[in-house]
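These protein sequence lines map, in sequence, to chains W and D. Numbered per this note's numbering, the first sequence spans residues 583 to 879. Numbered per this note's numbering, the second sequence spans residues 583 to 879.
If you're looking for bench data, these hints aren't it; they were derived computationally from the structure. Keep in mind that the hints are not guaranteed to be accurate.
The list treats identical chains as interchangeable, and a pair is accepted whether it falls inside one copy or across any two copies.
[Said to hold, decoys possible] Pairs of lysine to aspartate or glutamate, EDC-like flavour, derived with a Cα cap of 20 Å:
{"hint": "1", "residue 1": "Lys-725", "residue 2": "Glu-597"}
{"hint": "2", "residue 1": "Lys-618", "residue 2": "Glu-588"}
{"hint": "3", "residue 1": "Lys-785", "residue 2": "Glu-809"}
{"hint": "4", "residue 1": "Lys-850", "residue 2": "Glu-876"}
{"hint": "5", "residue 1": "Lys-821", "residue 2": "Asp-754"}
{"hint": "6", "residue 1": "Lys-832", "residue 2": "Asp-712"}
{"hint": "7", "residue 1": "Lys-751", "residue 2": "Glu-626"}
{"hint": "8", "residue 1": "Lys-821", "residue 2": "Glu-588"}
{"hint": "9", "residue 1": "Lys-613", "residue 2": "Asp-752"}
{"hint": "10", "residue 1": "Lys-820", "residue 2": "Glu-868"}
{"hint": "11", "residue 1": "Lys-733", "residue 2": "Glu-597"}
{"hint": "12", "residue 1": "Lys-785", "residue 2": "Glu-597"}
Predicted model only: the values in this text are computed from it and were never measured.
There are 2 protein chains.
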Amino acid sequence: MLENVESLMHRYVGEVDAYALRLYDQVPRGKRLRAKLILRIAGESEAAERLAAIVELIHAASLLHDDVIDEATTRRGIPSVNATHDSKTAVMLGDILYSKAYFELSDFAPFIIRKISDAVALLSAGELLDVEYSRELQLDEEKYFDMIYKKTAVLIEATAASAAYLAGKDTDAFGLYGKNLGLAFQIIDDVLDITADAKTLGKPALADFKEGKTTLPYIYLHDTLSEADQQRLRSLYKKELSTGDSKWLKQKMQESGAVMRAITLAQKLGREALDAIAGESDPDLERVITDMIEREF
Amino acid sequence: MLENVESLMHRYVGEVDAYALRLYDQVPRGKRLRAKLILRIAGESEAAERLAAIVELIHAASLLHDDVIDEATTRRGIPSVNATHDSKTAVMLGDILYSKAYFELSDFAPFIIRKISDAVALLSAGELLDVEYSRELQLDEEKYFDMIYKKTAVLIEATAASAAYLAGKDTDAFGLYGKNLGLAFQIIDDVLDITADAKTLGKPALADFKEGKTTLPYIYLHDTLSEADQQRLRSLYKKELSTGDSKWLKQKMQESGAVMRAITLAQKLGREALDAIAGESDPDLERVITDMIEREF
């Protein structure tokens, strides 16, 4: 159960340090998607709960360091640790969560230790790519996919495969399910930054491009534009947009089919995820995908 | 051999990311004490070299994050990564070294995985204590030992015990050797900050107290001072010292016997380390200790 996962996380952090626990208690909890995925795939065993707590600690650690790296002042609508305290506190707390998670992970089977630790190494490399690719307009589709794989999909892939391993299920099938879930989720997140309004997003709309992130719809859009419009698009990179620019950008995104092309790709990835676990007949896991790809954009 | 350890470290980082490797190549190498210790205890096997590379990556990662946390602008006399680049680059590179080290560690026996990962969790907790105890004068001897155990000794302890495990030697004896080596090393480092000159240290003398670190000689000194002198000592905490203050402090440190008391304790810890491995008849490992505790102060 998710409550047990929360208690375990709390206990693990408290076992390291009392002050770390006080800091940890101030971090917003998030949706615990990875924990839910583990409990769904592996069933509600004690081992599944421990693995879920470990993966969520790793995810929380990566967000703490991410916020330092992005100099983000909020996380899930509330001030981030690097803002309420300082960067060094966020770095230290992240290190504690990471290292305690690894220590607890050492009780698991070598397959799981390798899967999760490999994923974290790629996740860390993804942080670096994120910064590298935010220096200038990055229009290479392959690089975009490499980055979202490392930043988002690889830990979900490793999580799903590890949960399958615990339950004696097909690790490749669930790994593929997790990977495609992660990729599709990130693409849709990138689409919503363009199509949704600030109220729905809980953050300003069209924020990615301003922050230097060239997401898939921008890559597709650039492909279809006239040279003059390409130049206009480039001139907006990392800029505060005027109302006119915002309107132009959103209109071009729709007109050109760039947004639809990105959604279509996310849907294709989602269907591949469904195919991967077709033999499992698990309506809960299927609904995770269908809810994601059949929503309104 | 140490050269093989360097090559392995280089290869491991390169396997994660090319840009990370370029950054890593700019980090000064240090003395690789932990690697030497492993090769001495475990002999020069391929597994010993891999373990040595892993532990040195962990140590390098911890220094990268340490420099961010301490806002240090130099490391081993040359500018630190957070100074030449920025804090976020140092955080990311540290995350990459940590996570790749854990991934490579997953090939080792559960005993070693647990020892090392437990040590890193305590090391991270030590970072937090270091900051906590640097806020105000910290005169509790027990807290000082807890901190230097976590910040310095625990990884050396785990390293020595793991190397012993690889070689089929007594893991408790070598663990104790490593722990006491680490504690004595740190106490002597803290003494040298008081007794050595800037040229020998490669950094300003009496820097610890100014930076908020109340080390063992200060704790002992405070014990012996008159109330007026205690007040003067307290007034110097975190301050830039005048020539007169420096002279007064050094004189009191010698007069009161505080420095000698700290050295005597380090020597006692060193002798316990020698006793722990007395049965091994390993002159190299004995010399590590005797060189350290029989030097001039």
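Hints, verified against the model:
1. Taking the shortest Cα distances, Lys-725 and Glu-597 sit within 20 Å of each other only across copies (17 Å), while inside one copy they are farther apart (40 Å).
2. With identical chains, the CA atoms of Lys-618 and Glu-588 are at most 20 Å apart within one copy only, with a shortest distance of 12 Å there and 42 Å across copies.
3. Taking the shortest alpha-carbon separations for Lys-785 and Glu-809, neither the intra-copy value of 31 Å nor the inter-copy value of 57 Å comes in at or below 20 Å.
4. Taking the shortest Cα distances, Lys-850 and Glu-876 sit within 20 Å of each other inside one copy (12 Å), while across copies they are farther apart (70 Å).
5. Neither within a single protomer nor between protomers do Lys-821 and Asp-754 lie at most 20 Å apart by alpha-carbon distance, with minima of 43 Å and 60 Å respectively.
6. In the homo-oligomer, the alpha carbons of Lys-832 and Asp-712 never lie at most 20 Å apart, since the shortest distance is 24 Å inside one protomer and 50 Å across protomers.
7. Taking the closest pair of Cα atoms, Lys-751 and Glu-626 come within 20 Å of each other only inside a single copy of the chain (15 Å); across copies the shortest separation is 41 Å, beyond that limit.
8. Taking the closest pair of Cα atoms, Lys-821 and Glu-588 never come within 20 Å of each other, the shortest separation being 40 Å inside a single copy and 44 Å across copies.
9. Within a single copy, Lys-613 and Asp-752 get their C-alpha atoms no closer than 26 Å, and across copies no closer than 47 Å, so neither meets the 20 Å cut-off.
10. When the C-alpha separation of Lys-820 and Glu-868 is checked against a cutoff of 20 Å, the pair qualifies neither within a copy, at 38 Å, nor between copies, at 60 Å.
11. Only between protomers do Lys-733 and Glu-597 lie at most 20 Å apart by alpha-carbon distance; the minimum there is 17 Å, versus 29 Å within a single protomer.
12. In this homomeric assembly, Lys-785 and Glu-597 never come within 20 Å of each other (Cα to Cα): the closest approach is 35 Å inside a single copy and 36 Å across copies.
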